Amino acid sequence: MQRITIDPITRLEGHGKIEIFLNEEGNVANTYFQIPELRGFERFCVGRPVEEMPLLTNRICGVCPEAHHMAAAKAVDAVYHVEVPPTGKKLRELLYSAFYATDHTTHFYALGGPDFIMGPDAPVAERNILGVIHKVGLEIGGKVIQMRKYGHTVVEIIGGRKVHPCTSIPGGLTKGITEEQRIEIEKMGRWAIEFAQFSLKAFNDIVLSNKQYLDLIVGDIYTHHTYYMGLVDANNKVNFYDGKVRVVAPDGKEYVTYEPKDYAANIAEHVEPWTYLKFPYLKNVGWKGFVDGPDSGVYMATPLSRLNASDGMATPLAQAEYEKFYATLGGKPVHQRLAIHWARLIELLYAAERWVELATDPEITSPNYRAIPTATPTEGVGIVEAPRGTLTHHYWTDDRGMVRKVNLIVGTTNNHAAICMSLKKAAQGLIKKGVTVTEGTLNMIEMAFRAYDPCFSCATHSLPGQMKMIVNFRDVDGNVVSTIKRD
Amino acid sequence: MSKPKFAMYWAASCGGCEIAVLNIHEKILEVDAAFEVVFWPVAMDAKYKDVEAMQDGEITLCLFNGGMRNDENEHIAKLLRRKSKIMVAFGSCACEGCIPGLANFSSITDLVDTAFTTITTDNPDNIRPVTSYAMPEGTIIIPTLNPMLKTLDQVVDVDYYMPGCPPESHQIAAVVDLVIAALNGKAELPPKGATIGAGNSTVCDECPRKRNVKTIKEFRRIQFTTTDPELCLLEQGIPCNGVATRSGCNARCPSAGAQCIGCYGPAEGVVDYAARLISAFASVIDSDNPEEIDKILDGLVDPAGQFYRFNLAGSLLRASKSAQKG
Chain A
1498 MQRITIDPIT RLEGHGKIEI FLNEEGNVAN TYFQIPELRG FERFCVGRPV
1548 EEMPLLTNRI CGVCPEAHHM AAAKAVDAVY HVEVPPTGKK LRELLYSAFY
1598 ATDHTTHFYA LGGPDFIMGP DAPVAERNIL GVIHKVGLEI GGKVIQMRKY
1648 GHTVVEIIGG RKVHPCTSIP GGLTKGITEE QRIEIEKMGR WAIEFAQFSL
1698 KAFNDIVLSN KQYLDLIVGD IYTHHTYYMG LVDANNKVNF YDGKVRVVAP
1748 DGKEYVTYEP KDYAANIAEH VEPWTYLKFP YLKNVGWKGF VDGPDSGVYM
1798 ATPLSRLNAS DGMATPLAQA EYEKFYATLG GKPVHQRLAI HWARLIELLY
1848 AAERWVELAT DPEITSPNYR AIPTATPTEG VGIVEAPRGT LTHHYWTDDR
1898 GMVRKVNLIV GTTNNHAAIC MSLKKAAQGL IKKGVTVTEG TLNMIEMAFR
1948 AYDPCFSCAT HSLPGQMKMI VNFRDVDGNV VSTIKRD
Chain B
351 MSKPKFAMYW AASCGGCEIA VLNIHEKILE VDAAFEVVFW PVAMDAKYKD
401 VEAMQDGEIT LCLFNGGMRN DENEHIAKLL RRKSKIMVAF GSCACEGCIP
451 GLANFSSITD LVDTAFTTIT TDNPDNIRPV TSYAMPEGTI IIPTLNPMLK
501 TLDQVVDVDY YMPGCPPESH QIAAVVDLVI AALNGKAELP PKGATIGAGN
551 STVCDECPRK RNVKTIKEFR RIQFTTTDPE LCLLEQGIPC NGVATRSGCN
601 ARCPSAGAQC IGCYGPAEGV VDYAARLISA FASVIDSDNP EEIDKILDGL
651 VDPAGQFYRF NLAGSLLRAS KSAQKG
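So the protein lines, in turn, are chains A and B.
Just so you know, we're using our numbering here: the first sequence kicks off at 1498 and counts up by one.
Just so you know, we're using our numbering here: the second sequence kicks off at 351 and counts up by one.
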C-alpha cells in the first residue's frame, strides 16, 4: 500500500506527524495522526509545593503559558479555599485578555493566515509570516508586530515577564498596578480594538470576498457535526477567565452546563496505543470511535465552539460581529471547521474590548489584589478557556499544601479526536485516483488541523511510554483477529 | 551572493523559545534581511526531508531548543548538528533540562503509570502506547522515550549556550546583532563553548531590592507572607534562588514580587548549582544551634525541587537512581 508521510507538520505549536495510506486505486484508505512526544508533568509535579504550580505548569506551553498560569492559579485558590478579591480577579483577567488578543493575532497572521493570504499552494519559502509581511507591506506588517508587542507589554506589566508570567499566587497576585501603568494599558487596549476591527476587515477582503476560499470554507471536506464546548458567564456569554462549562449538541441545543469541580463527571479520556495522546470525549454520550453525530461523544473546543456554545459576546462590537457571522453562515451552530479562523478574529475583538473595560474599571489599581489563605489546603479544580480550548487543572495536596496528585486536560487535547477526523476527511476529499498529489495538496490537508490552532506542546504534558503494550492484528476490514499483550 | 542560512528547531520543549524570538518584534525583519530562513517548523513549512537534502555545514546558524526526551529528538539534533556551522543550545531545556528535566526524579514506569491512570482516563485494558503498531494498512511508528531526559550537549557537540526560560528578548536581539556583525567581519564571535546572551554575575547583582546582610529565623512561603517591596526576598525568608543564578534577565521575577526560581541556570563559574544554593541559604540562617537549624531548614518544604528545579538533567546528579535504571 502506498504511503504519504507529512513530518513534521508545521505552523503549529509542537510536534505531530500524518500518515496517509492509499489503496491500489490511489484513493485514501486511511489517515493516522500521531503525536510523537510527551514530557510527564502529571508525575513530576507531585511532591512540589502547590504554590509553584502556576510557575511549573507554565512550562507545559510557552505559547499559551498565560492559560496554564491562570488555570493553575484558579486551581491553587480552590486548593486553599481562598476567595481572590475583585481587584485580583480583574488583574488576572486583564492580563488574560491582552494575552488572548496577542495569541489570536499570532495565529491569524503567522500560523493559519499565510494559507489564505499567500494561498494554500504558494511556494514554501513564501507561505509564512515573513511572506505575509512582504506581501501586505511593512505598514500592515508593522501593525501585527505592534499588536504582539502591546499584548506582551501588558502581560509583563501585570505578570512580571513576557513569557511564563510569575505573579499569580494562591489568593491573588504578588503585585498590583499603578495609575501610570493603567493609563498605558488602556491606551494600548484602545489601539488593539482598532487592530481587531482592521483584522476582521482584512479577513472579509481576503477570504470572504474570494469565492474560491468561501467555497472551501462552506464546502464539505472541512465539515463535521459534533458537540461544542466553551466557558460561559452567568448570562451564557463567552468568557475566557471564569464561569461554567457549557456544551451544545450538534443540533445547537444545550446538552449540559457544569461547574469546573464537576468536570470528571462529564469528561473521560479514551486511549489508543498508536499515539502518545489521549482522546477526551463526553462521558455520558460515550466513546463511539472517530465519528460525527449526536451519538458520538466527540466534541470540539475552539473559538468556533465557544461561539456555538454561548448565546453571544459580552461586548458590543464583538456581539455585532457574532450576529453577522451566523447570519452569513446560515445560523447556529456552524459546523465548518475553517470558520474557526473567522470566529478567532471575533474573539480577538472581544478580548480587546474586554481589555479596555477592565483597564478602565475603577477597582483595577486598588491595592486589594490578594487575600492570605487561612484554610487547610485539600483539593481544587481550575478551568479557563485557553485559546485552543477548555483547560482543566486539578490538584490534590496534603495538609501542608504539597502536591499529591495532578490531572490535566488541556486545550488542544479536547480536539484530538476531531482533528484526526478532519485530517482523514480532508485527505479523502483531496487525494483521489488520478489526481497528482502536490506539496500544495498536502498543505491543504494540514490546513484541516491548522484551523484548530493545535498546541501539541500543551497536549504532550504527560508521558506514556512503551512499557506495557497491546498489539492488535487486524484483517483488511480492521477487525481484530488476535491480540498480543505485554505487561 | 546567497544569504547565510538560519534554522530554529524545538525538541522536547514548550514553544516559549520560539515566542521569545518572535518577541524581538521589529528586529525579526533584520533576521529576515540578513538570513535565509530554511527550517523553522513553528513559522514555515520546510520538512525533515528538506534538511536531509542540505549539504553538511550549509546552515550557518541553528538555534536549537528543547531537551532530548526521545530518539527522534536525538536524531534531529544529530542531523542539524551535521548541517550547521554554529549550533546554539538555546534556552534552559537544551542547556540544562529545565522543568521537564524534573522527570528525571522518576522512572519511566512511574511516569507512564501516572499518565495512564488519572481519574478521567478510560482505559479498562490498561493500554500503553507502543512505538510500533501494526495497522491494517501498514505499521505506524512513534518515537521511543529515553529513560532520562538529556541536555543537548549530552547528545551532540554544542558551540554556544544561551540560557533562560525562555531567553529574554533583549538578549536575543543583542545576540542577533553580534552574529550579523560577525558575519560582516565587524565583530568576533566568542570562543567555542561560551555562554552568550547572559550576564556573568548573579541575579542578585541586577536586583533592585535592598540587601542588608540580615539573617533569618525561618523560611516562609509566599502565599502566607506580606513582603516588603523594597527589601531582598531571601532576607524576608522567601527562598529566592537569585544568589546562585546567572544574571541576564534584569531580575524580572524579584522585581515583580516573586522569588527567582533559577531559570537562567548556574552563575558563571558555578560547577554545581545545588551546592552553591545550599551554601547560600545556609549562610543566611541565624542560628548556631543544630536543632534550631534543622527546624529552620524544615521550612524549605521541597529541597529537591528548590535546588534542582531547572538544572537536574544537566547537573552532576543528572537523575535519580530509579530513572537511571530506566
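It is worth saying that the hints were derived from the structure and are not from the lab.
What you are looking at is a predicted structure, and each value in this text was computed from that prediction instead of being measured.
The beta-carbon is built from N, C-alpha and C at its ideal position, and this holds for glycine as well.
Mixed in with the good hints there might be a few duds.
As the list claims (entries may be wrong) - Distance condition first, Cα-Cα at most 30 Å in a straight line; then the derived DSSO-like pairs of lysine-lysine:
1. A:K1632 - B:K645
2. B:K355 - A:K1902
3. B:K397 - A:K1902
4. A:K1921 - B:K675
5. A:K1646 - A:K1684
6. A:K1632 - B:K560
7. A:K1741 - A:K1708
8. A:K1758 - A:K1780
9. B:K353 - B:K377
10. B:K355 - A:K1921
11. B:K399 - A:K1930
12. B:K353 - A:K1698
13. A:K1708 - A:K1902
14. B:K645 - A:K1646
15. A:K1646 - B:K675
16. A:K1587 - A:K1758
17. A:K1632 - B:K399
18. B:K397 - A:K1929
19. B:K671 - A:K1632
20. A:K1930 - B:K397
21. B:K399 - A:K1684
22. A:K1902 - B:K399
23. B:K671 - A:K1640
24. A:K1646 - B:K567
25. A:K1640 - B:K353
26. A:K1632 - B:K355
27. B:K355 - A:K1640
28. A:K1929 - B:K353
What the hints assert, rightly or not - Heads up, incomplete: computed chain B residues facing chain A, CB under 7 Å, no partners named:
29. I374
30. E376
31. E380
32. N473
33. R602
Okay, the hints, checked on the actual structure:
1. A:K1632 - B:K645: Judged against 30 Å, a Cα distance of about 65 Å means the pair is violated.
2. B:K355 - A:K1902: It is violated: about 46 Å lies between the C-alpha atoms, which goes past 30 Å.
3. B:K397 - A:K1902: violated, 38 Å
4. A:K1921 - B:K675: violated, 40 Å
5. A:K1646 - A:K1684: holds, 13 Å
6. A:K1632 - B:K560: violated, 51 Å
7. A:K1741 - A:K1708: Distance of about 38 Å is beyond 30 Å: violated.
8. A:K1758 - A:K1780: holds, 15 Å
9. B:K353 - B:K377: holds, 17 Å
10. B:K355 - A:K1921: violated, 35 Å
11. B:K399 - A:K1930: holds, 25 Å
12. B:K353 - A:K1698: violated, 36 Å
13. A:K1708 - A:K1902: Violated - the C-alpha atoms of A:K1902 and A:K1708 are around 52 Å apart, more than 30 Å.
14. B:K645 - A:K1646: Not satisfied, since the Cα-Cα distance of roughly 47 Å exceeds 30 Å.
15. A:K1646 - B:K675: Outside the cut-off at roughly 46 Å; violated.
16. A:K1587 - A:K1758: Judged against 30 Å, a Cα distance of about 22 Å means the pair holds.
17. A:K1632 - B:K399: The given pair, whose Cα atoms are some 27 Å apart, holds under the 30 Å limit.
18. B:K397 - A:K1929: holds, 23 Å
19. B:K671 - A:K1632: violated, 55 Å
20. A:K1930 - B:K397: holds, 25 Å
21. B:K399 - A:K1684: Given that 30 Å is the threshold and the Cα spacing comes to 47 Å, the pair is violated.
22. A:K1902 - B:K399: violated, 41 Å
23. B:K671 - A:K1640: Judged against 30 Å, a Cα distance of about 52 Å means the pair is violated.
24. A:K1646 - B:K567: violated, 43 Å
25. A:K1640 - B:K353: Satisfied, since the Cα-Cα distance of roughly 27 Å is no more than 30 Å.
26. A:K1632 - B:K355: Roughly 22 Å between the alpha carbons, so the hint for A:K1632 and B:K355 holds.
27. B:K355 - A:K1640: holds, 27 Å
28. A:K1929 - B:K353: violated, 40 Å
29. I374: Cβ of B:I374 sits 10 Å from chain A, so the hint is violated.
30. E376: This hint holds: B:E376 lies near chain A, its Cβ roughly 6 Å from the closest one there, short of 7 Å.
31. E380: Because about 12 Å separates B:E380 from the closest Cβ in chain A, which is outside the 7 Å limit, the hint is violated.
32. N473: holds, 5 Å
33. R602: holds, 5 Å
Comparing the model with each earlier hint shows violations of hints 1, 2, 3, 4, 6, 7, 10, 12, 13, 14, 15, 19, 21, 22, 23, 24, 28, 29, 31; every other hint is respected.
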